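Colleague: Those sequence lines, one after another, are chains B and S. According to the numbering used here, the stretch in the first sequence is residues 6 to 263, in order. According to the numbering used here, the stretch in the second sequence is residues 919 to 1092, in order.
It should be emphasised that the hints constitute simulated quantities derived from the structure, not laboratory data. Since the model is a prediction, treat every value here as computed from it, not as a measurement. Be aware that a few hints might be false.
Said to hold, decoys possible - What follows is a list of derived Cβ distance ranges for each label pair:
#1 LYS233(B) / ILE927(S): 54 to 60 Å
#2 ARG1001(S) / ARG158(B): 35 to 41 Å
#3 ASN102(B) / THR962(S): 45 to 51 Å
#4 ASP926(S) / VAL239(B): 58 to 64 Å
#5 SER204(B) / ARG1001(S): 31 to 37 Å
#6 ALA1061(S) / LEU46(B): 20 to 26 Å
#7 LEU998(S) / ARG78(B): 18 to 24 Å
#8 GLN192(B) / GLU1084(S): 51 to 57 Å
#9 LYS76(B) / LEU996(S): 28 to 34 Å
#10 LYS995(S) / GLU242(B): 48 to 54 Å
#11 ALA1061(S) / GLU164(B): 30 to 36 Å
What the hints assert, rightly or not - Result set (EDC-like, lysine to aspartate or glutamate): computed pairs, CA atoms no more than 16 Å apart in a straight line:
#12 LYS1064(S) / GLU48(B)
#13 LYS995(S) / ASP961(S)
#14 LYS1064(S) / ASP154(B)
#15 LYS172(B) / ASP104(B)
#16 LYS1064(S) / GLU1084(S)
#17 LYS207(B) / GLU228(B)
#18 LYS995(S) / ASP926(S)
#19 LYS1064(S) / GLU47(B)
#20 LYS207(B) / ASP187(B)
Glycine included, C-beta positions come from ideal geometry on N, C-alpha and C.
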Amino acid sequence: MADAAPAVDQAAFSEWLQRMGDNCLILGHRVSEWCGHSPALEEDIALANQALDLIGQCQFWLGLAAEVEGKGRTADQLAYLRDAGAFRNVLLVERPNGDFGQTLMRQFLFDAFHHELLRALKSSSDPRVAEIAAKAEKEVAYHLERSADLVIRLGDGSEESRDRMEKALKALFPYSGELFTDDAVDQAMAAAGVAPLPSSLKPAWDRTVSEILAEATLAHPGEVYQHKGGKRGVHSEYLGYILAEMQFLQRAYPGATW
Amino acid sequence: MEKTPHPDIPEIWRWLSEVPDPEIPVISLTDLGIIREVAWREDTLVVTVTPTYSGCPATTIINLDIEKALRDRGIEKLRLERRLSPPWTTDWLTEEGREKLRAYGIAPPIDGTNADGRLAGRVSRLMNGSNLTIACPRCGSAATEKISQFGSTPCKASYRCTDCLEPFDYFKCI
Ligand SMILES: [Zn+2]
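With the hints as extra help, turn the sequences into a complete structure.
Modeller: Take a look at the structure:
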């Protein structure tokens, strides 16, 4: 089973797997920044648990990326020893946490995409991809349930919570479009049946987002300018700061373990 | 010199059934349903383990505990393998495990309470409340409410009983 390589360019496949892993890794790191700082203990615990899920999923994706790459690197080396230009996460997940509303809105916009993607990946032509997706999908269903619930409660909440959610939506929606852009790597994956084209997930995402925003009494931003670049390694200045913190230990003490 | 015979497989399962889960020590690893296979391959004992949640921090400890338990029983050649598929589900918790959880103060999972990913159904459930009752493991009351879908470990949610007023953990469905 482990040798079931798809009829697909292995370099493109590894690149695609790094995108999967990097989205989980960077969002997981961002969410973990809340640990000990959340507005309520339950929220602190919930965010820490989601960060754990994402980092765990990242280990599976980057582990497979390293295996497919075939250069003898490990998931840890990919996570800790690549520079910003080699990271393939979308810009959305590296956006700063901001306030709690901004963190939740970012989570919701991503979860709605992530869940749809994982559901589709369960029928990937590559059994290794399918089994990671099947596991992750069950966890991400809980993430989406929670972020959707909180977007509704805070959007349709007090004057202040509503105001903050409106601002969060306005600030983050222009980073949601990159989730659905197709490039040559995506086309190669789709042709081999490994993954759906990102653009094919957009209608379902639109339905989810419209439904929840309506429930939250938040106005849908509609068509707005969309920032892109993370998928091909062109990042915002924020990623460098994330990596500086995340990679410090392995850079300062190469090979350190505990 | 006569070769010592391998301990038989049911015996090894019995040993594993005595290894407690590191985070909820009242149940064993076999109660949890994460040990998927135990088999001799030539001279090597292969134990196949599936993780509960992708990022469960107990995974490493669980592997160490399995290794220690088997080495203590004299198993020398041992290999642990990870299996992701089919993904772990709370359906694999044994009946005995569920009773142990309840006695310990953790409500065991109830079918149908997992996040199903179908948004319309979920939203209406969020609005109207679930029709499935999680009974308080202390007083048995059905008057309970969810505090958070995420609890003290990845596998649990936080609930509260509105009769005896105690908060409790619910081992959530996945
Ligand atoms: Zn009670």
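Colleague: Is it true that the CA of LYS1064(S) sits at most 16 Å from the CA of ASP154(B)?
Modeller: holds, 13 Å
Colleague: Hey, LYS995(S) versus ASP961(S), does the alpha-carbon distance stay inside 16 Å?
Modeller: Holds. LYS995(S) to ASP961(S) sits at ~7 Å (cutoff 16 Å).
Colleague: For the pair we were handed, LYS1064(S) and GLU47(B), check the Cα-Cα distance against 16 Å.
Modeller: holds, 11 Å
Colleague: If you check the beta carbons of LYS76(B) and LEU996(S), does the distance land in 28 to 34 Å?
Modeller: holds, 30 Å
Colleague: Is 35 to 41 Å right for how far apart the beta carbons of ARG1001(S) and ARG158(B) are?
Modeller: holds, 39 Å
Colleague: Is LYS207(B) within 16 Å of ASP187(B), Cα to Cα?
Modeller: holds, 11 Å
Colleague: Just tell me: holds or violated, for the beta carbon distance of GLN192(B) and GLU1084(S) against 51 to 57 Å?
Modeller: Check passed, 56 Å falls within 51 to 57 Å.
Colleague: Using the Cβ atoms, figure out if ALA1061(S) sits within 20 to 26 Å of LEU46(B).
Modeller: holds, 23 Å
Colleague: Is the Cα-Cα distance between LYS207(B) and GLU228(B) 16 Å or less?
Modeller: holds, 13 Å
Colleague: Evaluate the given range 45 to 51 Å for the C-beta pair formed by ASN102(B) and THR962(S).
Modeller: holds, 47 Å
Colleague: If I claimed the Cβ atoms of LYS233(B) and ILE927(S) lie 54 to 60 Å apart, would that claim hold in this structure?
Modeller: The hint (54 to 60 Å, Cβ to Cβ) holds, given that LYS233(B) and ILE927(S) are roughly 55 Å apart.
Colleague: Hint says 48 to 54 Å; check whether the CB-CB distance for LYS995(S) and GLU242(B) agrees.
Modeller: Given range 48 to 54 Å: holds, Cβ gap about 52 Å.
Of the numbered hints stated above, none is contradicted by the structure.
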